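Novice: The primary structure of each chain is shown beneath.
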Amino acid sequence: MLASWSILVVALAYLCLLFAIAYYGDKRADAGRSIIGNPYIYALSMAVYCTSWTFYGSVGRAASGGMDFLPIYLGPTLTFVLWGFLLRKIIRICKAHRITSIADFISSRYGKSALLGGMVTLIAVLGITPYIALQLKAVSTSFNVLVQYPDVVMPPISSRVPVLKDTAFLVALLMAVFAILFGTRHIDASEHHEGMVAAIAFESIVKLVAFLAVGAYVTFGLYDGFGDLFATAARAPRISALFTSNDAGYGHWPTLILLSMAAIICLPRQFQVAVVENVNEDHLKKAVWLFPLYLLITNIFVLPIAIGGLLHFPDGSVDADTFVLTVPMAERMEGLALFAFIGGLSAATGMVIVAAIALSTMISNDLIMPVLLRLNWRGLAERGDLSGLLLSIRRGSIVMVLLLGYAYFRFIGESVALVTIGLVSFAAVAQFAPAMIGGMYWKGATRVGAILGLSLGFALWLYTLLLPLFARSGWLPIDFVEGGPFGIALLRPYALFGLDGMDNLSHAMFWSLAANIGGYVLGSILSRPGAIERIQGALFVDVSSHSGAFGGTSFWRGSAAVTDLKALLARFIGAREADRVLGDYARRRGLNPGHPREADAALVSFVERLLAGSIGAASARVMVASVAKGEVVGIEEVMEILDETSQVIEYSHRLEQKSQELENTTQELRDANERLKELDEMKDDFISTVSHELRTPLTSIRSFSEILSDNPDLDAAERDRFLAIIVKETERLTRLINEILELAKMEAGRMDWHMIDTDPRDVIDEALAATSSLLAGREISLTLDADQWLPHVHADRDRLMQVIVNLIANAVKFCDDSRGEVSVLAGQLGGRFYLGVLDNGPGVPPDDRQIIFEKFQESSEPLADRPRGTGLGLAISRQIVEHFGGRIWVEDAPGRGAAFCFTLPISRVAPVSAPGMKSHEAL
Amino acid sequence: MSRTVLVVEDEANIVDSLSFLMKQAGFEVLVARDGDTAIRMMQSRPADLILLDIMLPRRDGYEVCREIRSNPSWDSVRIVMLTARGHDFDRRKGMQLGADAYITKPFSTRDIVSCVQDLLGPETS
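Protein chains in written order, with our numbering: chain E, 14 to 936; chain B, 489 to 613.
Note that these hints are calculated values from the structure, not bench results. You may find that some hints are simply not true.
[As the list claims (entries may be wrong)] Okay, derived cross-link-like pairs now, SDA-like style, lysine to any residue, Cα gap no bigger than 25 Å in a straight line:
#  : chain 1 : residue 1 : chain 2 : residue 2
1  : E       : K741      : B       : M543
2  : B       : K581      : E       : V703
3  : E       : K826      : E       : I750
4  : E       : K741      : B       : P594
5  : E       : K741      : B       : P545
6  : B       : K581      : E       : K741
7  : B       : K511      : E       : K102
8  : E       : K690      : E       : S704
9  : B       : K511      : E       : E731
10 : E       : K826      : B       : P545
11 : E       : K741      : B       : D536
12 : E       : K696      : B       : R580
13 : E       : K741      : E       : L754
14 : E       : K696      : B       : D536
15 : B       : K581      : E       : F869
16 : E       : K826      : E       : I793
17 : E       : K102      : E       : W455
18 : E       : K758      : E       : G843
19 : B       : K581      : E       : I738
20 : B       : K511      : E       : G884
21 : E       : K696      : B       : P545
22 : E       : K125      : E       : N312
23 : E       : K299      : E       : V703
24 : E       : K758      : E       : I793
25 : E       : K298      : E       : N312
26 : E       : K696      : E       : L754
27 : B       : K511      : E       : R732
28 : B       : K581      : B       : T571
29 : E       : K671      : E       : E687
30 : B       : K581      : E       : V384
31 : B       : K511      : B       : D536
32 : B       : K581      : E       : K299
33 : B       : K511      : E       : T702
34 : E       : K102      : E       : N312
Bear in mind the structure is a predicted one, so any value in this text is a computation, not a measurement.
Model the full assembly from the supplied sequences, consistent with the hints where possible.
Specialist: Encoded structure:
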């Protein structure tokens, strides 16, 4: 005896295990160590396709329709094997656009239409409700059957028990709680529900193993393998008839295959696990054969169990939908029966949880939030944090979806077989297929077309499938099914417009899909898409090229008006330039520039490439795509693209700045390098010059020393003369070395300057005294002409004297030989101290007046027989004067000769000089 | 007839020593203190050998050398370059221009005398 409490305990324990798995999966995901990141888990999670409909219903179907259970699994297999590329494209689009549901997908494709999103959601909710009801029915029925163990008794119709005592109601509430726990932990619906996926994958294993266990028991436990089982069945005419004369025929197989092919893509829960929860596109490669393999294994024992059941309960008192459970029960296999129950529970909970999560996302995102935002409910648009509200809406939606399912189950579901309910759902979601698949491959599809197709398809589904089902359950007068509304036979739901002779499902599919596709295509052709629709359409259809290499060659099969292209170009490169390039293009291709009004593909591509140069390939493609279909882009898109463009411009501007800076730095480096090279050359020159200047006196010294040494018998006068030369040249050499060092010190800034307030008169007097010896033996007059009061200067006294002595010595050296005149003038000139030394020599040619102040540069006029200077005196004088803040120069003296002058800043103003009080002394 | 050496040098003391050395070696000595004068003197009275300083006023030693070598009638004239700048560059340039020898200052008196004697060869009468 299996007490109801013990079944409940086992069931609850199993659900807790599921939750533990989900919790662990989420924790691992949070830690970044996903447990679902492999194709096997991915394929297993897709097996959520196999619900209690599969678990119980397939056997039921096989028991009444033979192989009829099979097409539902052939469809998905075909889709996966043949249309893997379709799934891949959907996954890619969804990842690129952060799409979280099938409603989102369709709304996004057709210009982010809120209306479409809402429609899809409504259809999905209405379509899936029966499906959820089916799960509730399966769980409650199986529970009620199991509870009778070991008796096999069909449970009472649940509508006869109060709601609160109804097992199905309790199951619905329990599942709502679980769906909320699994599915609404995160706010972002595009985030993966890793824990849920892990739990679903686990459930897929449990239900498969449970089903295989029952199948194996029937085949190998009750019978002696497949051969024995089928042989036994062949002896029972009622059973063998199932497989030999299929009265329904195979005519509805294409319908079923087509339906399930669409369902595997369009069912919200399949979309959830295959697309939204996909973590890696590559997992699809293995899943395309792993998932069909799962379906294949699942179906191995469907027939054996069905046959076993039929053989076991030949009187038909036991519902074939319960064979998986009742056969083990009848054989008193308590554990196996319990396991089968858990397997069915797995199949049901998996479907309900994923479907509820998927639907709740759609309801909150595509139905409730858009409406709330439009109504600005409680100032919603201004509220910052909507996460709490969103979560509440999702949780509320889950509860609502399950209650809807329960309501459907209680009022309609009891009277209809599991498979029928499921097919009604399939037919509803199949309405999404045209808009969905068409939208991925046909750029010309429009929002209007999608809305029209969906509305028509849904309306016909409602009319030819759902309403008759309601009628058959007694909720609508059955008359309208049998005789047509108001007795109009042409409008009979099962034989619309006189189309008779098809099964109900095929009939409904024919009309609803025909209306759907017709409306979709016609609506698309007859309407003009908006800007966003065009852009979204291009992004969806060309998802591979957009997510991959943006710059890839594009083949524009469409055409565009030349004027539109020109206008587009003008917006980015200017009207004149646009005119010019298009004119060039036309001439190159030998076209009349004014003539063609329709641009061919080559011209469109040309314009795209041109634009890509200014605004980037991605933007260019979008811009051209908008024009290539003769449409002005909406202001929103233009802003978006302009924003992107300005970012690119900003970026390139920054790049430009950087390269400008780099260029400047390079230039500075180059300049510095030039300067270094110059300095290096100057240093080489200097060393070479110094070497020359030093070698010259050395040459004399050496050669006379050698002459003296080689000629001991020289006469005394000659010897003395030679010795005198050696002494003089030695002195010159010493002076030269001193001056070079001094100059080097000054130039390097290492000279010690003793700057003090100086009275120039004292310095001049001393300088005159020091140079008087130079005049000895020569006819030279040296005179001083100075103001009585000279202004003081801030200077190094000794250095100032050095300058004056230098200038006087120079003047003495160059002045006229016979009647030499050197005069020193001192006074104030333009607010500065002034000193000039004048001679009556040959003067300095204007060309030499600058260079004689350079090192080792003497006047190019040779002065025969004059003692040679070091060539450094004037250079040193200039260094000193400039250090004092003054200036030194040479000019023509009045009359004849040179005037070397310098001025210095005044440190203390002299007393006002009395007129005529000038000293004029002769030395 | 003794052979003539033209000393082209702007430093008076070096002229003195070279004159002394050349005269002592038995040559007749002419002196020019700059490049222009040297050319003029060669035109009026060609010397057999020129002791030519490079750093000269007006026209430097290189130019004088080039001028001498450009005139075929002076082919036999020997040229010894003197310089205080010891760079290889100067030596190469001098030799390229047709100098017969190149002596760096300060020179050894014996070297310069034997160099001149070698270039002019034994006296022929």
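Novice: Now tell me, hint by hint, if it's right for this structure.
Specialist: Quick rundown of the hints versus the structure:
Taking the CA atoms of K741(E) and M543(B), the gap is about 21 Å. The hint holds against a cut of 25 Å. The hinted pair formed by K581(B) and V703(E) meets the criterion: a straight-line CA distance of about 21 Å does not exceed 25 Å. Distance check on the hinted pair: K826(E) and I750(E) sit about 21 Å apart at the alpha-carbon level, within 25 Å; holds. Between the alpha carbons of K741(E) and P594(B) the distance comes to roughly 16 Å, so the proposed pair stays at or under 25 Å and holds.
For the proposed pair K741(E) and P545(B), the alpha carbon gap of about 23 Å is at most 25 Å, so the pair holds. Pair hint K581(B) plus K741(E) does not hold up; C-alpha atoms about 33 Å apart against a cutoff of 25 Å. With a C-alpha separation of about 110 Å, the suggested pairing of K511(B) with K102(E) is violated against the 25 Å cut-off. For the suggested pair K690(E) and S704(E), the alpha carbons sit about 21 Å apart, so the restraint of at most 25 Å is met.
Taking the CA atoms of K511(B) and E731(E), the gap is about 14 Å. The hint holds against a cut of 25 Å. Restraint check for K826(E) and P545(B): the C-alpha separation of about 19 Å stays at or below 25 Å, so the hint holds. Straight-line distance between C-alpha atoms of K741(E) and D536(B) comes to about 33 Å, which puts the hinted pair past the 25 Å bound. A hinted pair counts as satisfied when its Cα atoms are at most 25 Å apart, and K696(E) with R580(B) qualifies at roughly 22 Å.
Distance hint between K741(E) and L754(E) is fulfilled; the C-alpha atoms sit about 20 Å from each other, no more than 25 Å. At roughly 39 Å between alpha-carbon atoms, K696(E) and D536(B) are farther apart than 25 Å, so this suggested pair is violated. Among the hinted pairs, K581(B) with F869(E) is consistent with the structure: their alpha-carbon atoms are about 23 Å apart, no more than 25 Å. The straight-line distance between the Cα atoms of K826(E) and I793(E) is roughly 10 Å, inside the 25 Å bound, and the hint therefore holds.
With a C-alpha separation of about 14 Å, the suggested pairing of K102(E) with W455(E) holds against the 25 Å cut-off. Proposed proximity of K758(E) and G843(E) is contradicted: the alpha carbons are some 32 Å apart, above 25 Å. For the given pair, K581(B) sits about 32 Å from I738(E) by alpha-carbon distance, which is inconsistent with the 25 Å threshold. A hinted pair counts as satisfied when its Cα atoms are at most 25 Å apart, and K511(B) with G884(E) does not qualify at roughly 32 Å.
With a C-alpha separation of about 23 Å, the suggested pairing of K696(E) with P545(B) holds against the 25 Å cut-off. Between K125(E) and N312(E), the direct Cα distance comes to roughly 41 Å. Violation of the 25 Å bound is thereby established for this hinted pair. Between K299(E) and V703(E) the alpha-carbon distance is near 88 Å, which puts this suggested pair outside the 25 Å criterion. Taken as a hint, the K758(E) and I793(E) pair is broken in the structure, with Cα atoms around 35 Å apart against an allowance of 25 Å.
Of the pairs offered as hints, the one joining K298(E) and N312(E) holds, with about 23 Å between alpha carbons and a cut-off of 25 Å not exceeded. Restraint check for K696(E) and L754(E): satisfied, since their Cα atoms lie roughly 14 Å apart, inside the 25 Å limit. Of the supplied pair hints, the one linking K511(B) and R732(E) holds, its CA atoms being roughly 16 Å apart against a limit of 25 Å. Between K581(B) and T571(B) the CA atoms are separated by roughly 12 Å; this keeps the pair inside 25 Å, and the hint holds.
For the suggested pair K671(E) and E687(E), the alpha carbons sit about 24 Å apart, so the restraint of at most 25 Å is met. Of the pairs offered as hints, the one joining K581(B) and V384(E) is violated, with about 98 Å between alpha carbons and a cut-off of 25 Å exceeded. Our distance criterion of 25 Å between C-alpha atoms is met by K511(B) and D536(B), whose separation comes to about 14 Å. Restraint check: the Cα-Cα separation between K581(B) and K299(E) comes to about 85 Å, which exceeds 25 Å; the hinted pair is violated.
Restraint check for K511(B) and T702(E): the C-alpha separation of about 31 Å exceeds 25 Å, so the hint is violated. Proposed proximity of K102(E) and N312(E) is contradicted: the alpha carbons are some 29 Å apart, above 25 Å.
When held up to the earlier numbered hints, the structure conflicts with 6, 7, 11, 14, 18, 19, 20, 22, 23, 24, 30, 32, 33, 34 and fits the remainder.
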